[in-house]
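Undergrad: Please build the complete structure, drawing on both the sequences and the hints.
For the record, the sequence lines run as chains A and B.
Using this note's numbering, the first residue of the first sequence is number 148, and each one after it goes up by one.
Using this note's numbering, the first residue of the second sequence is number 73, and each one after it goes up by one.
Calculated directly from the structure, the hints in this document are not laboratory data.
Just so you know, not all the hints are guaranteed correct.
Some residues of chain B that are not near chain A, with every Cβ distance over 10 Å (derived) [claimed, not checked]: (1) Leu124; (2) Asp125; (3) Gly218; (4) Arg268; (5) Glu304; (6) Gly320; (7) Pro340; (8) Thr343; (9) Leu357; (10) Val362.
When the alpha-carbon atoms are kept at most 30 Å apart in a straight line, the in silico BS3-like pairs for lysine-lysine are as follows [unchecked claim]: (11) B:Lys145 with B:Lys423; (12) B:Lys256 with A:Lys314; (13) B:Lys305 with B:Lys423; (14) B:Lys387 with B:Lys423; (15) B:Lys390 with B:Lys145; (16) A:Lys282 with A:Lys234; (17) A:Lys306 with B:Lys390; (18) B:Lys387 with A:Lys282; (19) B:Lys387 with A:Lys220; (20) B:Lys256 with B:Lys417; (21) A:Lys306 with A:Lys234; (22) B:Lys387 with B:Lys145; (23) B:Lys387 with A:Lys234; (24) B:Lys417 with A:Lys306; (25) B:Lys387 with A:Lys314; (26) B:Lys387 with A:Lys306; (27) A:Lys306 with A:Lys282; (28) A:Lys220 with A:Lys282; (29) A:Lys306 with B:Lys256; (30) A:Lys282 with B:Lys256.
A few chain A residues facing chain B, derived, Cβ under 10 Å [claimed, not checked]: (31) His173; (32) Arg187; (33) Gly190.
Computed from a prediction, not measured in an experiment: that's the story for all the values here.
We put the CB at the ideal spot given by N, CA and C, even for glycine.
The chain contents come next:
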Amino acid sequence: MGGSVPGGGLARGLATTLKTMVRPAHTEQYPDVQPELPPRSRGVIALLAENCTVCMLCARECPDWCIYIDSHKETVQVPGAARARQKNMLDRFAIDFSLCMYCGICIEACPFDALYWTPEFEYAEYDIRDLLHEKERLGDWMATVPAPPAHDPNGEPAKEVTAAERKGSAPAARVRVSRPPSRPAAPPADPAPPSGSTPPAGPTPPSDATPPSEPDPPAGS
Amino acid sequence: MRSSDTSRELVVGMGSGVEQLTDPELATADMVLNIGPQHPSTHGVLRLRLTLDGERVKAAEPIIGYMHRGAEKLFEVRDYRQIIVLANRHDWLSAFSNELGVVLAVERLMGMAVPDRAVWLRTLLAELNRVLNHLMFLGSYPLEIGAITPMFYAFREREVLQTVMEEVAGGRMHFMFNRVGGLKEEVPAGWTGRCRQAIAEVRRRLPDLDNIIHRNEIFLARTVGVGVLSAEKAAAYGVSGPVARASGLDFDLRRDEPYLAYGQLDVPVVTRTAGDCHARFECLLDQVHVSLDLADRCLTEVDRTTGPVNVRLPKVVKAPEGHTYAWTENPLGVNGYYLVSRGEKTPWRLKLRTASYANIQALCTLLPGCLVPDLIAILGSMFFVVGDIDK
Chain A
148 MGGSVPGGGL ARGLATTLKT MVRPAHTEQY PDVQPELPPR SRGVIALLAE
198 NCTVCMLCAR ECPDWCIYID SHKETVQVPG AARARQKNML DRFAIDFSLC
248 MYCGICIEAC PFDALYWTPE FEYAEYDIRD LLHEKERLGD WMATVPAPPA
298 HDPNGEPAKE VTAAERKGSA PAARVRVSRP PSRPAAPPAD PAPPSGSTPP
348 AGPTPPSDAT PPSEPDPPAG S
Chain B
73 MRSSDTSREL VVGMGSGVEQ LTDPELATAD MVLNIGPQHP STHGVLRLRL
123 TLDGERVKAA EPIIGYMHRG AEKLFEVRDY RQIIVLANRH DWLSAFSNEL
173 GVVLAVERLM GMAVPDRAVW LRTLLAELNR VLNHLMFLGS YPLEIGAITP
223 MFYAFREREV LQTVMEEVAG GRMHFMFNRV GGLKEEVPAG WTGRCRQAIA
273 EVRRRLPDLD NIIHRNEIFL ARTVGVGVLS AEKAAAYGVS GPVARASGLD
323 FDLRRDEPYL AYGQLDVPVV TRTAGDCHAR FECLLDQVHV SLDLADRCLT
373 EVDRTTGPVN VRLPKVVKAP EGHTYAWTEN PLGVNGYYLV SRGEKTPWRL
423 KLRTASYANI QALCTLLPGC LVPDLIAILG SMFFVVGDID K
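TA: Shown next as C-alpha cells:
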C-alpha cells in the first residue's frame, strides 16, 4: 500500500492541508455579499396576475395542490360585439410555499405565462403559516424575475424567440406575452419585446376572457 | 438496554466479569442494543437491532421503514410529469439518475425516440450527478470515522459542479430536468464551456481529496480488512453498484446493458477484490475519475450534436397498455422501475427497486463477528441513503 514509510500517508495529508492553507479561502460572505444565482434558479414563484385567466391548470397540475385560486365571473360589454362576454376575474391566487416542492410544473403548465421563477430566496418566516404568499406578495416577486438565458446555438432556440420571430415577420402583429414593466435592466438576450396594452383583435390567439380550449379531461377521469 | 434473559441480573462495572469466570452457565449475557433510528452514524433513520456479546456483534438486523413515504403508492395517482418530481426524491443524492429511470420506462412503453442531443445531455448530466453523489460519500465517510477535513474538500468540489447543474436545471438537488421525450429545455448558451471548466477544475483538485485521506494510516487501520463482503454474498443479497464492485462483482449496467449513450462510450468499470471498507472507498474515488472522463466525452458529443432536446408531447401523456422494466446504473447501484400501465395517464403500478434497499440487506451478514467500533466503519462504507431504503 502506497508509501511504505511509516506515517507517509499522514504526512501527505498534512502537506495537502499546508498547501490549502496558503490558498485563498472559498468562503462565501453571504449576508454581506449576495450570491450570484443563475436566472433559472428556482427560488420563488412570481405571479403576473394580468395574464392569469383562471384556467386552473396550475392548481390542477400541482403535485401537492399548494395553489389556491378563487375567482368570479363578470360580464363585459365589448363595444361592437353582439352580446356581452363573460370574463373570469381573479379574486385570490395563493401559493403555500410550506407545501411547494419547487418542481416548476405550474410554471410549465401555465398557457398564458402568468407564472415565473425568480432566484430570490430570502423569505424565511418564523411562522410556517406566513409562507402562504397571496396574490399581492406573489406579484411583488415579479420585479425580480430575470430574463431567461439565451439557448445554446447548437440546440433549438427558446419557444419565445421563435414565436417572436414569427410574429415579427408578420406586420402589425403583437406578441401576446406581456412582460413585467418593472423588470430590472435585462441583457439584450430577452426574446419577447414588451407590449403594453392588450393586443388588438386580429390573428393573435385569444388573449383574455375566453378560457383556452380544454387541454385535458378533468383530473381523475 | 436489557438483558436477553429478564430473570438474570446484569452486573455492570467493577466485578462484572467475575460471575462469568466462576459460573459457566452465565458465561454469556448477550445484550440487545438498538443503534438508531436517531443515531448519527446511520445518517438518517435507519435502525439496527444488534445482539452484542461484549464488544462483539453476534447478530444484526436492519429495521427499516422509519422514513417510508409511500412513494410507490403516490406514483399511482400522479401523472408522469408529477412522478418525476416524486421519483427524484427517494435518493436525494442521485436525483437526476432517479428521474432517468422513470422517463426511460415511459418512453419505452410509448415507443418514443429521444433526440440525440437530449440523449447526450442526459448522459452528461447523469455522470455529473454520479460525481456529486460520490463526492458526498467521499466526504461523509471519513467524517463518520473521525476525519473531519475531507468533508470540506469534497464539498468544495461539489459546489463547483452544483453551480453548473443549477445553471442548467435551476435546482441544486432536485433537478427536475428530465421530461418524457427528452429534457425540460435547452442548456443556456456558453454552458458547455463552463461545464468543461468545472470538470477540469474538479479533476485538478481531486488529488487533494486522495492525498488527505486515502492512504492515511489511521484511516487504513479503521477500514482495511474490516467488513469484508464476498462476491458470492454480494450477489446473493442483490448488492450492486460500487459496494458490489469493491467485492469483485464485475457488474455495471452502463457497460453490460447500455442505456442512453453509454453504448457508444467505452465505460471502464472500477472493481476491487478485497471487499472491505477501504476497497469500497477506493471504488468510489476511482469512479469519480471515470465519471469525469465520461462527462468530458459527452460534452464533446453535445457540442457536436445539434437539434432539439425534446419531442412535442400530446397534452396528456398516456403510456399505452403494457409493462416494462427500466433499470439504470445509479450512483449507489441498480435502480429499477417496473412500470405497468393500463393506458391511463397514471401508471397502474410503478414498482421501485432501489440500490440502497438491497445493499443494506447485506448488513445482517456483514456485521456479525465485527466489533462495535467497526460497525460505524462498515455502516458508512455501505453508502446508502435512507430515503432510498424506505422509499
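Undergrad: Now tell me if each hint is right for this structure.
TA: Verification of the hints:
1. Leu124: 31 Å, holds
2. Asp125: For Asp125 of chain B, whose nearest Cβ neighbour in chain A is about 32 Å away, the distance exceeds 10 Å, so it holds.
3. Gly218: 13 Å, holds
4. Arg268: 13 Å, holds
5. Glu304: 26 Å, holds
6. Gly320: 18 Å, holds
7. Pro340: 22 Å, holds
8. Thr343: Given a closest Cβ separation of 18 Å, the condition holds.
9. Leu357: The assertion about Leu357 of chain B holds, with a minimum of 13 Å to chain A.
10. Val362: Consistent with the label, Val362 of chain B stays out of reach of chain A, its closest Cβ about 21 Å off (over 10 Å).
11. B:Lys145 with B:Lys423: 9 Å, holds
12. B:Lys256 with A:Lys314: 24 Å, holds
13. B:Lys305 with B:Lys423: 25 Å, holds
14. B:Lys387 with B:Lys423: 25 Å, holds
15. B:Lys390 with B:Lys145: Status holds; Cα separation ~18 Å.
16. A:Lys282 with A:Lys234: It holds: about 19 Å lies between the C-alpha atoms, which stays within 30 Å.
17. A:Lys306 with B:Lys390: Distance ~24 Å between Lys306 of chain A and Lys390 of chain B Cα, so the pair holds.
18. B:Lys387 with A:Lys282: Holds, at about 28 Å.
19. B:Lys387 with A:Lys220: 27 Å, holds
20. B:Lys256 with B:Lys417: Holds - the C-alpha atoms of Lys417 of chain B and Lys256 of chain B are around 19 Å apart, at most 30 Å.
21. A:Lys306 with A:Lys234: Within the cut-off at roughly 28 Å; holds.
22. B:Lys387 with B:Lys145: 24 Å, holds
23. B:Lys387 with A:Lys234: The given pair, whose Cα atoms are some 25 Å apart, holds under the 30 Å limit.
24. B:Lys417 with A:Lys306: 26 Å, holds
25. B:Lys387 with A:Lys314: Given pair Lys387 of chain B, Lys314 of chain A holds - Cα atoms ~24 Å apart, limit 30 Å.
26. B:Lys387 with A:Lys306: 17 Å, holds
27. A:Lys306 with A:Lys282: 27 Å, holds
28. A:Lys220 with A:Lys282: 18 Å, holds
29. A:Lys306 with B:Lys256: Holds, because 12 Å separates the two Cα atoms, which is no more than 30 Å.
30. A:Lys282 with B:Lys256: At roughly 27 Å apart (the allowed maximum being 30 Å), Lys256 of chain B and Lys282 of chain A satisfy the hint.
31. His173: 6 Å, holds
32. Arg187: Holds - the Cβ of Arg187 of chain A comes within 10 Å of chain B, reaching about 4 Å at its closest.
33. Gly190: 9 Å, holds
Every hint, counting from the list given before, is met by this structure.
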